[in-house]
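J.: For reference, the chains in residue letters:
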Amino acid sequence: MKHLEPINRKAGRIEAHTEGGGHRAGGYGEADATVGVPTDPEGEHDVVALQSGEAGAHIPLGCSLVFFPGWEVDSTGGTAGLCQPVERDLFDCHLACFWPAHVPDQLNYSPDWTAKCAAAQNDWRNIDLIFP
Amino acid sequence: MSRGRGSGPSLVGASGRSYFFPDIRLADVGRQSPRRHVLPEPIMRLATIAALALFAPSLAHAQEEPAGLPEGGIPVESQLVRERCAGCHLTDGTGRMSRISYMRKTPEGWQTTIRRMVMLNGVELEPATARDMVRYLSNNHGIAPEEVRPGLFEVERRLIDYDYTADDDTEATCIACHSMGRVITQRRTGEEWELLMATHRGLYPLSDFQALTRGGRSEDGYAMDRAVDHLSEVFPLETPEWSAWSATMRTPRLSGRWALAGHLPGEGPIYGRVDIAPGAGPDGVETRTTYTVARSGREVTRTGSAIIYTGFQWRGRSFEGPGEEGELREVMLIERDWQEMSGRWFTGAYDEFGPDVALSRVTGGPLVSGIHPKAVKAGESTVVTLYGAALPDGLSAADLDFGPGVAVSAITSSSGERATLRLDVAAGAPEGSRDLFLAGLSLRGALTVFDEVDRIEVTPQAGMARIGGAAFPKGYQQFEATAYSDGPDGEANTADDLGLGVVAAEWSTEEYAATLDDSDISFVGTLDQNGRFTPALDGPNPERVGSRNNVGDVWVVARYTPPGSTESLQARAHLVVTVPLYLRWEPWRVTGG
Numbered sequence: 001m002k003h004l005e006p007i008n009r010k011a012g013r014i015e016a017h018t019e020g021g022g023h024r025a026g027g028y029g030e031a032d033a034t035v036g037v038p039t040d041p042e043g044e045h046d047v048v049a050l051q052s053g054e055a056g057a058h059i060p061l062g063c064s065l066v067f068f069p070g071w072e073v074d075s076t077g078g079t080a081g082l083c084q085p086v087e088r089d090l091f092d093c094h095l096a097c098f099w100p101a102h103v104p105d106q107l108n109y110s111p112d113w114t115a116k117c118a119a120a121q122n123d124w125r126n127i128d129l130i131f132p
Numbered sequence: 001m002s003r004g005r006g007s008g009p010s011l012v013g014a015s016g017r018s019y020f021f022p023d024i025r026l027a028d029v030g031r032q033s034p035r036r037h038v039l040p041e042p043i044m045r046l047a048t049i050a051a052l053a054l055f056a057p058s059l060a061h062a063q064e065e066p067a068g069l070p071e072g073g074i075p076v077e078s079q080l081v082r083e084r085c086a087g088c089h090l091t092d093g094t095g096r097m098s099r100i101s102y103m104r105k106t107p108e109g110w111q112t113t114i115r116r117m118v119m120l121n122g123v124e125l126e127p128a129t130a131r132d133m134v135r136y137l138s139n140n141h142g143i144a145p146e147e148v149r150p151g152l153f154e155v156e157r158r159l160i161d162y163d164y165t166a167d168d169d170t171e172a173t174c175i176a177c178h179s180m181g182r183v184i185t186q187r188r189t190g191e192e193w194e195l196l197m198a199t200h201r202g203l204y205p206l207s208d209f210q211a212l213t214r215g216g217r218s219e220d221g222y223a224m225d226r227a228v229d230h231l232s233e234v235f236p237l238e239t240p241e242w243s244a245w246s247a248t249m250r251t252p253r254l255s256g257r258w259a260l261a262g263h264l265p266g267e268g269p270i271y272g273r274v275d276i277a278p279g280a281g282p283d284g285v286e287t288r289t290t291y292t293v294a295r296s297g298r299e300v301t302r303t304g305s306a307i308i309y310t311g312f313q314w315r316g317r318s319f320e321g322p323g324e325e326g327e328l329r330e331v332m333l334i335e336r337d338w339q340e341m342s343g344r345w346f347t348g349a350y351d352e353f354g355p356d357v358a359l360s361r362v363t364g365g366p367l368v369s370g371i372h373p374k375a376v377k378a379g380e381s382t383v384v385t386l387y388g389a390a391l392p393d394g395l396s397a398a399d400l401d402f403g404p405g406v407a408v409s410a411i412t413s414s415s416g417e418r419a420t421l422r423l424d425v426a427a428g429a430p431e432g433s434r435d436l437f438l439a440g441l442s443l444r445g446a447l448t449v450f451d452e453v454d455r456i457e458v459t460p461q462a463g464m465a466r467i468g469g470a471a472f473p474k475g476y477q478q479f480e481a482t483a484y485s486d487g488p489d490g491e492a493n494t495a496d497d498l499g500l501g502v503v504a505a506e507w508s509t510e511e512y513a514a515t516l517d518d519s520d521i522s523f524v525g526t527l528d529q530n531g532r533f534t535p536a537l538d539g540p541n542p543e544r545v546g547s548r549n550n551v552g553d554v555w556v557v558a559r560y561t562p563p564g565s566t567e568s569l570q571a572r573a574h575l576v577v578t579v580p581l582y583l584r585w586e587p588w589r590v591t592g593g
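Listed in order, the protein sequences are those of chains A and B. Per our numbering, residue 1 is the first one in the first sequence, and the count goes up by one each step. Per our numbering, residue 1 is the first one in the second sequence, and the count goes up by one each step.
No lab work stands behind these hints: they were computed from the structure. No false leads were mixed into what you were given.
Dumping the calculated SDA-like pairs for lysine to any residue here, alpha-carbon to alpha-carbon at most 20 Å:
#	chain 1	residue 1	chain 2	residue 2
1	B	K374	B	A504
2	B	K374	B	H263
3	A	K10	B	L516
4	A	K116	B	P540
Excised from the complex, chain A in its bound form (with noise of 0.2 Å):
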């Protein structure tokens, strides 16, 4: 890559990006090391093209994976890949039963779960919090 030069303006800015150092927190040289934080000191593998990029470090407890896009994290252990915003297709979740440990199940425990609220996107202040 260091060899081809952007023929457009989003290459550009790319490459403007990753060169300025916005990708990173800056000046840390060894300490990234120390504190787990991969080293990579020209930059080359920091900036992760959505959720293509290299695996993430990260997947916290109890979220989950199996499903794409995950709840808490994308497969890249970021948020860059969720549905977003998480109003858009919360009712499908809850429908379909797909996420029953993080959105109440049509099926069983919840089946008027959106009684309140004809659109989560419009309506998402009136969701009620479900304890099974």
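Dock chain B against chain A, hints included.
T.: Showing chain B alone in chain A's frame:
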């Protein structure tokens, strides 16, 4: 179907300060959204496919083999459990009951079960009755200390990485939806593990596609079949650990004075005492706790109560002041010798706040809990505070032996519970930890002598917060910066490195560029100078592309300049700010209604 305040399940009544089955009422615990924490009504849905799948096995037994429950099993001797469960569960001549006799669980596990019976199967119970049932089942169909220890993170509500390495199929099958902690803190017969899997398939039909049959069928069946085989083998009902524990199990006698040492994330070490007195019931205790936050000097007094389940599982609630302010839920494991117990006290919408604690029984002789600050620099004089219990009267420098290169030059104050010392550490004193000897007792690694701070680390290395505050509670994340010396070899991350304790760092966030120009840092929330991250509001944000929520990834950066140094040290951790949970399976939560 009505919901919310005034309507609710059949689980009603007053419960006081109990850990399990508290009042069904609205209880804002400070940071939670004060509305719409709803408990669903009990739902009679036995006609559904799901419920048929759940109960078909036991009903089939009832019809085909009225007295033919499987061999083994734990007889149910509680008249209460027999009466309240016999509506659906079969009892045979030996006292065994279908399903119930063939599994063992933590108190949390049994509470989840009983709640499910209320929610889905129309069981009507007063909270006091439900608590008695949890108590009986936990004591008689419980789990041994050795069995629960690997899964303590589950009941202590710790957000940790946990890899279940014993079987990939089992891990993949279970963590598709929930933590492995729920699984490894149960014991069941092989048939019961099969029925558990059937329950999941019945209640959540999509779980077949999502996990249970994922990967297709091989010679030894689906992933769920292999998981059942594995669980039946490694987590059976009958184990030597449970046989041994249930033979000697009794209510521990805990009354008396205990020394408390702990760590409160964000505030640092805490030292104090817990006075335990007999409480309600044969296994209840009352507590009064006082402790000092070593770094700030803040004094805290708490009162509470707890019940000891299965002879070793402490479940309590404590408060600051006479009301229900500052509630902490207390989960501790009491060691078999009744001399030590440890665990976590926690609060917060996602149980994210609260100290790790360790209690040591004060038996009359002196006891040293710890020293703050724990790290002293070679060539300098440092004032430290020694915390303990029953420290000798008239403590003198000669009583204290910190080892090579460390001299006590003054004792400026001394009481039975703490002493203030001035320590002179010789220039060139060897780096390393020092054991303290005092009046016939010792404290291993009481002090650490170091040359200089070489680096800092941020913990946790990967944190998670959840947006909230508008309709759903916020999930916070506390970070800490810990200083390290590279030790005598001068190389980082080697066995001789010395931890020097938490330091007061400057905190900031920096962009983690997973998506170009998404400016997560501008939306996800704020990080204060104590290392606590407060997430932004939930809901779509029209100011973001695609009305994204205020979710994102950022670096959390700590900078620290050691005293006398001109160079600042830096470290960082990854923070995921993500979406809320719309469903909470933690069965002990106080809920609205």
